[in-house]
Amino acid sequence: MADVVTCSACGKRNRLPTSAKGLPRCAACHVSLPWLVEADEKTFAAAVSTSVPVLVDLWAPWCGPCKTIAPGVVRAANEFAGRLKVVKVNVDVAPGVSAKFGVQGIPTLLVLRDGKPIARQVGALPADRLTAWVRGAIEERS
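Numbering that gives the first Met the number 0 puts the first residue of the sequence shown at 0, with every later residue one more than the last.
Hint data in this document are derived by calculation from the structure and do not stem from the laboratory.
Glycine included, C-beta positions come from ideal geometry on N, C-alpha and C.
Be a bit skeptical, because a hint or two may be false.
[Stated by the list, open to error] Cβ pair distances, simulated, as ranges:
1) Gly101 with Cys28: 37 to 43 Å
2) Gly135 with Phe100: 15 to 21 Å
3) Arg134 with Asp113: 15 to 21 Å
4) Ala44 with Gly21: 15 to 21 Å
Kindly generate the complete structure, drawing on both the sequences and the hints.
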């Protein structure tokens, strides 16, 4: 599965694989790209296996609060491009992933480092508070 992102610096569209060595950079201008991908039970382990912290968004399409935080999740991916990977997991499609982390309500956001949770947020947050929470999680545990 490959997602497509448009470079904010030059406008070039770039394919982002679910997993890769290194960090994604624009093919044209080489700036860091926001790394936001979708994963399911088969691709989750590979998706979170990376050298940077991973923000995992456990959500469902029918969940109103999940839709509310979606712009904040995208904002975090953009703001922390090159320092964070964002992996969105639809819990209806991948219930094993939410079970692995003991998720009992959505939206649930996890920050993982080396595949282990270092921060958890349950419930909706405004975009500015969400990015502040991510910043705190990835900077204080660097």
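Quick one: are Arg134 and Asp113 within 15 to 21 Å, going by C-beta? holds, 19 Å
Please test the hint of 37 to 43 Å on the beta carbon pair from Gly101 and Cys28. holds, 42 Å
C-beta pair Gly135, Phe100: status relative to the range 15 to 21 Å that was hinted: holds, 20 Å
Consistency of beta-carbon spacing, Gly21 to Ala44, with hint 15 to 21 Å: Because 18 Å falls inside the window, the suggested range holds.
Checked against the numbered hints listed earlier, the structure breaks none of them; every hint is satisfied.
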